[in-house]
Structure formats: C-alpha cells, structure tokens
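Chemist: Sequence:
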Amino acid sequence: MKHKIANYTLVLALLLVSFACKTRSDVEAFKEADYKLQSVDRVEVNGVNFLKKGVQDFSFNDAARLFSAFSDNSLKAVSTIGLNVALGEGHEERTMTVTQLKWQLLVDNEQAVSGLVTEPVELKNGLNIITVSSPLKLTEVNGSPDLNSLLQLASLLNQDKSNRPSITLQIKPTILTSVGPFEVPAFINIKDSK
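Residue numbers (mature numbering (1 follows the signal peptide of the UniProt record, and there is no 0)): -23 to -1, 1 to 171.
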C-alpha cells in the first residue's frame, strides 16, 4: 500500500513539475515577445469618436457628453487595435489568454492616461485584431482629474507624427497559465510600427 502511495506521489510531482516548466516557458515566450502596434482602427470615449480629423471637428454634443462623463469620473474607452506579436523561434504555435490587462499611455515619458481591461483577450503569434473596453483614469492635478489630459489625448491621436510629442503605450498583462493567473512583473512597451 505504501509503495502505491509513493508511486502516485511521484507521478503527481512529475505532473506538477511538467506544468510548472510549460507555464514558465509560456510566460517567458510572451514576456520577451516583440509587440508592435500595427493599426488603431477605432478609439471612442463615451461614444465620441476620437479618430476625427482634428479637435475642431468635435461637435458641441460631443464636448457636452465628454464633459459630463469627465465630471462624473465615468470616462470609458472602446478601441480596436491591430497588435502584432512576434514570438521567438520555436514558440510560433503558442497562444496566450490575457485575463486582465493594465495599460498606460505616456506622453513625453509622463503618464497621461491609464486603464484596466478586464475582458479576456486571446493573443497568438502574428497579427491580432483586438477590441477592448476600458475605463479611463486621467492623471490628476491637485487631486482632481486633469481635463487637459483628455483634450491632449484627442489632439494627439490626430496629429502628424513629426509634430507630436513622444508617445509610448505600455501594457502589463495577467496571463492565464496551467497553474492559475500570473501577472507579468513589469510594463511592456508597445512599439509603433509606423
């Protein structure tokens, strides 16, 4: 009887080590992947399209809706992006489920906007077209959200690259692994492919 228990314990230990090694390998593959932003096809904040020609194209109704949401601190963004994920050799067939995604947008290396995506997203090697929804948290000035951050975001999305400040999108995913969720320890910079 003791011999059978020892055998079962050994098999269970081998399975756990196998799962742990696969999980570590999966996490490392996606942590060290090369992420590039291929396209931004949709950016709406509380139903207002931020991919218009310029700030002057926003209507009075757009401004009123945004100001109302800003006042209530209930800004929410919906975006559709093309994210290219390049895994290293030997990892091309892997997929990753992101259960939660912290993100932040830096303007001239200063955080302007951040958010949290709580809907699961499946990532694979190659181009991933993703639609995400996230509440927006603007940087605060004297304890209150900064309206200038929202206006700056609207104008940045439509500026010619040669005229706009440095913009960096960073993500910090929580990955579903065989032993449970695992949050990547540091933010990952997303490169703009253009």
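Honestly, the hints are just simulated from the structure, not real lab data. Treat the hints with care, since some could be wrong.
Cross-link-like lysine-lysine pairs, in silico, DSSO-like; alpha carbons within 27 Å at most [unchecked claim]: (1) Lys114 x Lys168; (2) Lys149 x Lys101; (3) Lys13 x Lys79; (4) Lys114 x Lys8; (5) Lys53 x Lys114; (6) Lys168 x Lys8; (7) Lys101 x Lys168; (8) Lys53 x Lys149; (9) Lys168 x Lys79; (10) Lys79 x Lys149; (11) Lys101 x Lys13; (12) Lys8 x Lys79; (13) Lys53 x Lys13; (14) Lys53 x Lys79; (15) Lys53 x Lys168; (16) Lys79 x Lys101; (17) Lys8 x Lys101; (18) Lys79 x Lys114; (19) Lys168 x Lys13; (20) Lys149 x Lys8; (21) Lys149 x Lys114; (22) Lys149 x Lys13; (23) Lys114 x Lys13; (24) Lys168 x Lys149.
Chemist: For each hint, tell me whether it holds in the structure or not.
Modeler: Each hint tested on the structure:
Of the supplied pair hints, the one linking Lys114 and Lys168 holds, its CA atoms being roughly 22 Å apart against a limit of 27 Å. For the suggested pair Lys149 and Lys101, the alpha carbons sit about 16 Å apart, so the restraint of at most 27 Å is met. Proximity of Lys13 to Lys79 is assessed by CA-CA distance (about 17 Å); at most 27 Å being required, the pair is judged to hold. Taken as a hint, the Lys114 and Lys8 pair is honoured in the structure, with Cα atoms around 25 Å apart against an allowance of 27 Å.
A hinted pair counts as satisfied when its Cα atoms are at most 27 Å apart, and Lys53 with Lys114 qualifies at roughly 9 Å. For the hint linking Lys168 to Lys8, the alpha-carbon distance of about 14 Å falls within 27 Å, and the restraint holds. Pair hint Lys101 plus Lys168 holds up; C-alpha atoms about 17 Å apart against a cutoff of 27 Å. The straight-line distance between the Cα atoms of Lys53 and Lys149 is roughly 19 Å, inside the 27 Å bound, and the hint therefore holds.
Note on Lys168 and Lys79: the hinted pairing holds, with a Cα-Cα distance of about 17 Å set against a maximum of 27 Å. For the hint pairing Lys79 with Lys149, the CA-to-CA distance comes to about 5 Å; that is within 27 Å, so the pair holds. The suggested pairing of Lys101 with Lys13 holds, with an alpha-carbon distance near 13 Å, which does not exceed 27 Å. In summary, the hint linking Lys8 to Lys79 is supported, as the alpha carbons are separated by about 14 Å, within the 27 Å threshold.
In summary, the hint linking Lys53 to Lys13 is supported, as the alpha carbons are separated by about 24 Å, within the 27 Å threshold. Annotation: proposed proximity of Lys53 to Lys79 holds, straight-line Cα distance about 14 Å (limit 27 Å). Distance restraint check for Lys53 and Lys168: the Cα-Cα separation of roughly 24 Å lies within the 27 Å cut-off, and the hinted pair is therefore satisfied. Taking the CA atoms of Lys79 and Lys101, the gap is near 19 Å; set against the 27 Å cutoff, the hint holds.
A distance of roughly 13 Å separates the Cα atoms of Lys8 and Lys101; the hinted pair therefore holds under the 27 Å criterion. Simply put, Lys79 and Lys114 have alpha-carbon atoms about 11 Å apart, close enough for the 27 Å limit, and the pair holds. About 5 Å separates the Cα atoms of Lys168 and Lys13, which keeps this hinted pair within 27 Å; it holds. Among the hinted pairs, Lys149 with Lys8 is consistent with the structure: their alpha-carbon atoms are about 10 Å apart, no more than 27 Å.
Taken as a hint, the Lys149 and Lys114 pair is honoured in the structure, with Cα atoms around 16 Å apart against an allowance of 27 Å. Annotation: proposed proximity of Lys149 to Lys13 holds, straight-line Cα distance about 15 Å (limit 27 Å). Simply put, Lys114 and Lys13 have alpha-carbon atoms about 24 Å apart, close enough for the 27 Å limit, and the pair holds. As the CA atoms of Lys168 and Lys149 are separated by approximately 14 Å, the hinted pair is consistent with the 27 Å bound.
Figure legend: structure checked against the earlier numbered hints; every hint is met.
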